[in-house]
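Asks: The chain contents come next:
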Amino acid sequence: MSYQGKFRVWRGDDSGGGLEDFTVEVNEGEVVLDIIHRLQATQAPDLAVRWNCKAGKCGSCSAEVNGRPRLLCMTRMSIFEEAETITVTPMRTFPIIRDLVTDVSFNYTKAREVPSFQPPKDLAPGEYRMQQVDVERSQEFRKCIECFLCQNTCHVVRDHEENKEAFSGPRFLMRVAELEMHPLDTADRVDQAQDDHGLGYCNITKCCSEVCPEHIHITDNALIPMKERVADRKYDPIVWLGNKLFRRS
Amino acid sequence: MPELERHSFDVLVIGAGGAGLRAAIEAREHGLRTAVLCKSLFGKAHTVMAEGGIAAAMGNVNSSDSWQVHFRDTMRGGKFLNNWRMAELHAQEAPQRVWELETYGALFDRTKDGRISQRNFGGHEYPRLAHVGDRTGLELIRTLQQKIVSLQQEDFKETGDYEHRLRVFQEFTVTDLVKDGDRIAGAFGYWRESGRFVLFEAPAVILATGGIGKSFKVTSNSWEYTGDGHALALRAGASLINMEFIQFHPTGMVWPPSVKGILVTESVRGDGGVLRNSDGKRFMFDYIPEVFKDKYADNEEEADRWYTDQAGNRRPPELLPRDEVARAINSEVKEGRGSPHGGVFLDVSTRLPAEEIRRRLPSMHHQFKELADVDITAQPMEVGPTCHYVMGGVEVDPDTGSSSVPGLYAAGEVSGGMHGSNRLGGNSLSDLLVFGRRAGAGAAEYVRGLSDRPAIAEEAVTEARATALKPFQQEGGENPYTLHMELQQSMNDLVGIIRRAEEMDEALQRLEKLKERARSLSVEGHQQFNPGWHLALDLRNMLLVSECVARAALLRTESRGGHTRDDHPSMDAEWRRKLLVCAVSGDGVEVVEKPQIPIRSDLLDLFDRSELEKYLTAEELA
Ligand SMILES: Cc1cc2nc3c(=O)[nH]c(=O)nc-3n(C[C@H](O)[C@H](O)[C@H](O)COP(=O)(O)OP(=O)(O)OC[C@H]3O[C@@H](n4cnc5c(N)ncnc54)[C@H](O)[C@@H]3O)c2cc1C
Ligand code: SF4
Ligand code: SF4
Ligand code: FES
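Chains as they are written, first to last, in the working numbering: chain A, -18 to 230; chain B, -2 to 619.
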């Protein structure tokens, strides 16, 4: 059941690098991250890769396998042919640190630019009451494990360094939507999404949703509804006010 | 030598899991300049993996719940070895800490009347675990992370600098603590990315580094769990207690081999899942220990009724404390009634409709589908014990989290005492918040009370640097990966779930040899993001901590909670009164007995005398 698999792994750092060929044992049930670990233990002890949970929960091990953005720990070897050469490269949208590790600080910068949850002043801790149906919308977005694969994929910033300043990317536009749909958040987030986070750059191609390992409907459930709210706002601010004031109890 | 990067803070928090983040928030809210250091990216600490929930007696689902009941359950779960003051504070404060998370923006699952929903878990008398599906840890860590960001935003508004009072140093590993005389003066470590060294000057350090599971072969823990905080504390002169108690979670994945050990949340059982052996028998009915007979159903009918009527029925034995369930699975497998890959069957598919399983256990459904080709709505899972949690840790003052070294604090999994000999599920996440906050406040108060700041001697820095660089200077020495694998195998086989004196003796001999070989570790390449080098440095900690576990386990000649001796199978009330304390001695560790602090009488009064008789000596009861 074991076989010798062929791999090409990108090695190098910010000054340059290239694909290196390896032949390495593959066993039944393994994922790509297992192979990378085997390379570390047997052939390339200084091969750099991020990982933590090995169960698709922490979002550390993002990379590209045969050009497709994926979590290394959730990519089963069984989806490939034994004879196939598997190419593993770092995420393309972020600067390289070394080998498969990229500098994802862009995302932390953007996270910091989203104004935080603004709790209602009249409720003490323990007094929050929310219905399950009302929290479910934001809960879907809070499943995000911050793997940043959507950020890596979105064409607005992939190969478009110049847009990074104005565009927060699907992950953080979704964070704005999450707060906007939080039943008890008191801030107005619609204009922010458009003006501060570049919602207008998104042309709803859904590429982000396709790569999300948590299967979050980023485009359908977060981005499009935000765009609708922005559009509504343009001619009917009363609608928005009403929605916010008469929240369900 | 390149210029050393230096920073100065009031409070240094090592670890960005639940405990570290909550401690940092508290220290910052006390107005102190605080830094958080962590080995992974911000938001990826182990806490993110917690699934089932966070225990707090809010009484939202069953109003009979109260802190007293939670306290009782915690003491029972820990077989009365717990530090009672910690268990008391924990039970009293957990609800406030959970409600506080809502004010930070957390969105827990709700009850019908809009409050936080609570679920059943092993050892908890009432539904008590606040949760978000089976990704509670993610919610907890993201919420705290976002609270940190919100504090940084406040500071930005005020000063124009996000990091004015609270700064996160991610992908940074601390290798040594630095002292000025008796007291803490700072910490030394390296950026994982560049390998460059950094010195932090700080009068107070809070350890929140989590556990030690990576010393074992089959574990639910990630690479981060190399016992760094435990070892840093030891080397700084603090003591560890209860290191013999390791929790083997009963349900880890057993197949395929590459995922062996990955956790299957206890919520599967809390929500109705049952354990069966290869004969199809629900075997847990055969393993209800004497002390729990009045609380657990001895037949399937009653057990099944309990899910809908808890007042009139006893609980299903699948929900016994983890140590009991893990041992039961172990014996079923040993006696040849295991599943094809050496576990037992955990089945929820015949117990709940498929839709309900997908809603309540989404990440388990996903995990099995993606990693094992098993659809848990249609098939049983195969599960077996996995090394999960260390009850032992830094001996601390319950109220402030202070260790015996002035300026050194600990909270979360790295601290010891709270859980006694066995932790109940859900009691860790609440522990992180309750004692993270207390340690943050304790450290703040300590710093405020200082008349002068400690100073760091240059020799200490030179030494820390030399230790860290040593693996590069030796050529042709031992490979860290090989050594690590041998250590894991030894601990798993010889100091694992069932223990014997001869085996532990052998483990100690092997550890001696490994320690010897570890002196000549060598690594290739350079300092920049070099996992081989990182492992070489972590090994020093794993070896020290493993020695604590093995020595303490050898000394404790009884079985209790997460310590099972084949050669001393029963629990001994005399041993309940003793703690085993580990401290550094030479290049190894020394373990000594210390009397346990007697339980305060009003807390003892919360129990029936008949129950206390199972745990306490006649002398204590008199
Ligand atoms: C799969 C799984 C599921 C679980 N489910 C539950 C549950 O449902 N309920 C529950 O209550 N408990 C659960 N637990 C247990 C609980 O998650 C952990 O005990 C808890 O999260 C530990 O938190 P912590 O804050 O102490 O440490 P962690 O969250 O582990 O954080 C440790 C931090 O310390 C840092 N660190 C360590 N060493 C160094 C160093 N040398 N230098 C710098 N930084 C360092 C790490 O990078 C990390 O940031 C679960 C555990 C696992 C593994
Ligand atoms: S839907 Fe919008 S955010 Fe997502 S990939 Fe397309 S353009 Fe980017
Ligand atoms: S939204 Fe999905 S793809 Fe994007 S960071 Fe979160 S989990 Fe990853
Ligand atoms: S290692 Fe955590 S998501 Fe892959």
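In case anyone wonders, no lab produced these hints; they're calculated from the structure.
Note that the structure is predicted; figures quoted are calculated from it, not measured.
Watch out, some of these pointers could steer you wrong.
So the derived list for chain A, only partly shown, Cβ under 7 angstroms to chain B, looks like this [claimed, not checked]:
#1 Asp27
#2 Cys34
#3 Ser119
Once the Cα atoms are required to be at most 20 angstroms apart in a straight line, the calculated DMTMM-like pairs of lysine to aspartate or glutamate come out as [stated by the list, open to error]:
#4 Lys91(A) - Glu168(B)
#5 Lys467(B) - Glu191(A)
#6 Lys109(B) - Glu117(A)
#7 Lys91(A) - Asp152(B)
#8 Lys124(A) - Glu367(B)
#9 Lys91(A) - Asp27(A)
#10 Lys91(A) - Glu97(B)
#11 Lys366(B) - Glu142(A)
#12 Lys124(A) - Asp158(B)
#13 Lys109(B) - Asp394(B)
#14 Lys154(B) - Glu94(A)
#15 Lys91(A) - Glu151(B)
#16 Lys366(B) - Glu94(A)
#17 Lys154(B) - Asp177(A)
#18 Lys109(B) - Glu9(A)
#19 Lys109(B) - Glu108(A)
#20 Lys102(A) - Glu97(B)
Virtual Cβ for every residue (Gly too), placed ideally from N, Cα, C.
Asks: Does each hint hold? Answer for all of them.
Replies: Here's how the hints hold up against the structure:
1. Asp27: Hint holds; aspartate 27(A) Cβ to chain B Cβ min 3 angstroms, cut 7 angstroms.
2. Cys34: The hint holds - cysteine 34(A) has a Cβ within 7 angstroms of chain B, the shortest such distance being about 5 angstroms.
3. Ser119: holds, 6 angstroms
4. Lys91(A) - Glu168(B): holds, 19 angstroms
5. Lys467(B) - Glu191(A): violated, 47 angstroms
6. Lys109(B) - Glu117(A): It holds: about 14 angstroms lies between the C-alpha atoms, which stays within 20 angstroms.
7. Lys91(A) - Asp152(B): holds, 17 angstroms
8. Lys124(A) - Glu367(B): holds, 17 angstroms
9. Lys91(A) - Asp27(A): violated, 31 angstroms
10. Lys91(A) - Glu97(B): It is violated: about 25 angstroms lies between the C-alpha atoms, which goes past 20 angstroms.
11. Lys366(B) - Glu142(A): Distance of about 37 angstroms is beyond 20 angstroms: violated.
12. Lys124(A) - Asp158(B): violated, 30 angstroms
13. Lys109(B) - Asp394(B): Not OK: lysine 109(B) and aspartate 394(B) at ~40 angstroms, beyond 20 angstroms, violated.
14. Lys154(B) - Glu94(A): Given that 20 angstroms is the threshold and the Cα spacing comes to 12 angstroms, the pair holds.
15. Lys91(A) - Glu151(B): Roughly 16 angstroms separates the two Cα atoms, so the pair holds.
16. Lys366(B) - Glu94(A): With a Cα-Cα distance of about 37 angstroms, the restraint between lysine 366(B) and glutamate 94(A) is violated, given a limit of 20 angstroms.
17. Lys154(B) - Asp177(A): Since the Cα atoms of lysine 154(B) and aspartate 177(A) sit roughly 17 angstroms apart, the hinted pair holds (cutoff 20 angstroms).
18. Lys109(B) - Glu9(A): With Cα atoms ~46 angstroms apart, lysine 109(B) and glutamate 9(A) exceed 20 angstroms; violated.
19. Lys109(B) - Glu108(A): Satisfied, since the Cα-Cα distance of roughly 15 angstroms is no more than 20 angstroms.
20. Lys102(A) - Glu97(B): holds, 14 angstroms
Comparing the model with each earlier hint shows violations of hints 5, 9, 10, 11, 12, 13, 16, 18; every other hint is respected.
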